[in-house]
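Line order of the protein sequences matches chains A and B.
In this text, residue positions in the first sequence follow full-length UniProt numbering: the first is 1, and each later residue adds one.
In this text, residue positions in the second sequence follow full-length UniProt numbering: the first is 1, and each later residue adds one.
Think of the hints as simulated: they come from the structure by calculation, not from any bench.
Do not rely on the hints blindly, as some may be mistaken.
Copies of the same chain are indistinguishable here, so a pair counts whether it falls within one copy or spans any two.
Derived lysine-lysine pairs resembling DSSO-like cross-links, with alpha carbons at most 30 Å apart [to be verified]: (1) K128 to K34; (2) K26 to K95; (3) K162 to K90; (4) K162 to K128; (5) K95 to K162; (6) K26 to K162.
Protein chains: 2
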Amino acid sequence: MAFSIYDASIPMMVRMLHNLSSILDKAAAHAAEKGIDPATMIEARLAPDMFNLARQVQSAADAAKATAARLSGETPPSHPDTETNFDELKGRIAKVIAYVEGFTPEQINASEGRSVTIPTRGEPHVFKTGGDYLTQFAIPNFFFHVTTAYGLLRQQGVEIGKMTYLAGI
Amino acid sequence: MAFSIYDASIPMMVRMLHNLSSILDKAAAHAAEKGIDPATMIEARLAPDMFNLARQVQSAADAAKATAARLSGETPPSHPDTETNFDELKGRIAKVIAYVEGFTPEQINASEGRSVTIPTRGEPHVFKTGGDYLTQFAIPNFFFHVTTAYGLLRQQGVEIGKMTYLAGI
């Protein structure tokens, strides 16, 4: 099978979502071990006007969900941002993994021949093909939130490393 | 043309390297405006045992360079980590953009049918195909360093936003 839009999106995002879940496990264990209120980590931010950890995780999950939905032309389920602890955030990730794993390569790869439109603060932005949407927006946006979640937990002292990010280890 | 390994690697990384260069421009302007020694930003880290900004930028450049080299089977040029200011870091990025833009889609896509091996601290890791290497390692690793560079400069007060990261704006 030739490499496809599906290969560059769903399996990669599923893998990274599992890794993000492992990062949250390590954060929860760190909080328990050090007697830290988990809320302090869930509220942590890299800068005062950036999203906190909860919103970074929710945004990573939403980014994967939107990628599958937009590439397939489906309407994604709504997931309100109500999570307030590590278990709930992991649940949010698990819901999205189940959702995106429900798509077939054929559904996703149909985007190769059509445009994808995303809302912006101004005019909606039109990508000419699913591949343009994936590489110019969806992948960079997804990794932004996964890496920022990693970075802010790393800054909070959680013992995670590059291999946690890359492979959940 | 069908979506390919090339589409999911070289143009996306080139675009993000240009955006990273724009981020450095904004950091340099911020330092000049606020009378901040640029060295304090170049040495900044999210955590004491993480790479500083210079190493994050060098690592992002190296990640793109290695991606093109490994997917094509070429040996990449060596770029020693000697950069100590924003202009030099931008020069490092520019060298890598020129290098990776020198590859044709055919050279990169030949990796679809062969394995890619990367060194690790233990045994070398073998990815069965170029696509596996790209999605399980190269893309996540590249975005890790770009996003971390963004995050630490954002934390240093540089006026950058998601659109700087996504589009250099």
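*Hints the structure fails to honour*: 1
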